[in-house]
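Mind assembling these two chains? They're in different frames, but the hints should get you there.
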Amino acid sequence: GDSVTQTEGQVTVSESKSLIINCTYSATSIGYPNLFWYVRYPGEGLQLLLKVITAGQKGSSRGFEATYNKEATSFHLQKASVQESDSAVYYCALTSGGNYKPTFGKGTSLVVHP
Amino acid sequence: NAGVIQTPRHKVTGKGQEATLWCEPISGHSAVFWYRQTIVQGLEFLTYFRNQAPIDDSGMPKERFSAQMPNQSHSTLKIQSTQPQDSAVYLCASSFWASSYEQYFGPGTRLTVL
Numbered sequence: 001g002d003s004v005t006q007t008e009g010q011v012t013v014s015e016s017k018s019l020i021i022n023c024t025y026s027a028t029s030i031g032y033p034n035l036f037w038y039v040r041y042p043g044e045g046l047q048l049l050l051k052v053i054t055a056g057q058k059g060s061s062r063g064f065e066a067t068y069n070k071e072a073t074s075f076h077l078q079k080a081s082v083q084e085s086d087s088a089v090y091y092c093a094l095t096s097g098g099n100y101k102p103t104f105g106k107g108t109s110l111v112v113h114p
Numbered sequence: 115n116a117g118v119i120q121t122p123r124h125k126v127t128g129k130g131q132e133a134t135l136w137c138e139p140i141s142g143h144s145a146v147f148w149y150r151q152t153i154v155q156g157l158e159f160l161t162y163f164r165n166q167a168p169i170d171d172s173g174m175p176k177e178r179f180s181a182q183m184p185n186q187s188h189s190t191l192k193i194q195s196t197q198p199q200d201s202a203v204y205l206c207a208s209s210f211w212a213s214s215y216e217q218y219f220g221p222g223t224r225l226t227v228l
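Line by line, the protein sequences are chains A and B. So the first sequence is residues 1 to 114, counted in our numbering. So the second sequence is residues 115 to 228, counted in our numbering.
The hints are simulated quantities; they were obtained by calculation from the structure and are not laboratory data. Incorrect hints may appear among the rest.
Listed below are the simulated EDC-like cross-link pairs for lysine to aspartate or glutamate, each with C-alpha atoms no more than 20 Å apart in a straight line [what the hints assert, rightly or not]: (1) A/K106 / B/E158; (2) B/K192 / B/E158; (3) A/K101 / B/D171; (4) A/K58 / B/E216; (5) A/K101 / B/E216; (6) B/K129 / B/D200; (7) A/K106 / A/E8.
Looking at chain B on its own, in the form it has when it is part of the complex (with noise of 0.2 Å):
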């Protein structure tokens, strides 16, 4: 087992650009989750998936941000039109469905936007 596995592990992007980031989560796992970690806020929720549908996008800044989940083995975040401000760690993370279980973290994305 692998684990939760986040490409690329860093990535720099111009101002204006976009950036997708990619998450395999665990064989087995039906719940998905990213996150977003920066110093100043420290771990905010973003959105998640179960069996690939979105249950909860609360996290998601609407303009820019998006998420997929096209089958049960990758889910994408897509920021369009990047931001300094968007520059972070952004973690992906997967579970089993049941709120007693924890959660698995990829080793996350640098997004650095200059």
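Next up, chain A with everything else stripped away, as it sits in the complex (with noise of 0.2 Å):
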């Protein structure tokens, strides 16, 4: 079936500095996998920040990349200044082919520290 790996646990960043969250992913269905970034922030519900459903796009949101590496099988999260605000927790997920049901990573609790 299909995986979602992404950095796990807790990721530390002093704010104003730059941070990546890996994912790499493994697909099992014919045709390339839909990409997708969600994030729970305190307080709130899981909601969408990006998505790229095209292989070699880039997603963007809120000041976060994510470009869409088939070769590499990868997704990985980035920003180039975090702010306080950002911290929440992250999750890397892919649809694939007719599989219309969702397969996420564990989770990245970022924390930002002022």
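Take a look at the structure:
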């Protein structure tokens, strides 16, 4: 079946520093998967941060970027300068082919220190 | 658009009691998903429906968990004979029926089994 592996546990970054949360995937269905980053801010529900459904394309939202790299089967989340308000739990996910059930990574907790 | 609605937000049950969780998807969305979220396991898929029909319940513990979608405006997740290990946040999500579309999550129901 499909699988998603992302940076595990907690990542701590100082405000204004750069960030990368790694995500690699394995999809068994024919064709390229659709890739997503979801985020859960403290006290809020899980919500979409960005998605890319075309291999080679880049998605961006709220200063975050992720590029769909089909050769490396990666979809790393990056931000050049994080803010304290970016502290949240981030999930990488994919859907593939006719499989409408998303496969999620285990989540990465980002803590940004002022 | 009120988003996905889940009730109750918090539920406390005694070991062996039954718990029923409710979800109202976004109007017009034809797919409804249920997940369980814990710190240890992350986001676990339970089951999903398309146009009210069950599609995949591969994540459901077979003996005590059941889910239904009697009409397009709500779905229920029932846990019989609750156990302490059932304590988790249960999330409901809805989406359009296409794998390229993102899911919209409800706020979750926090179930605590004493």
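Point to revise | Non-conforming hints, listed in increasing numerical order | key: none
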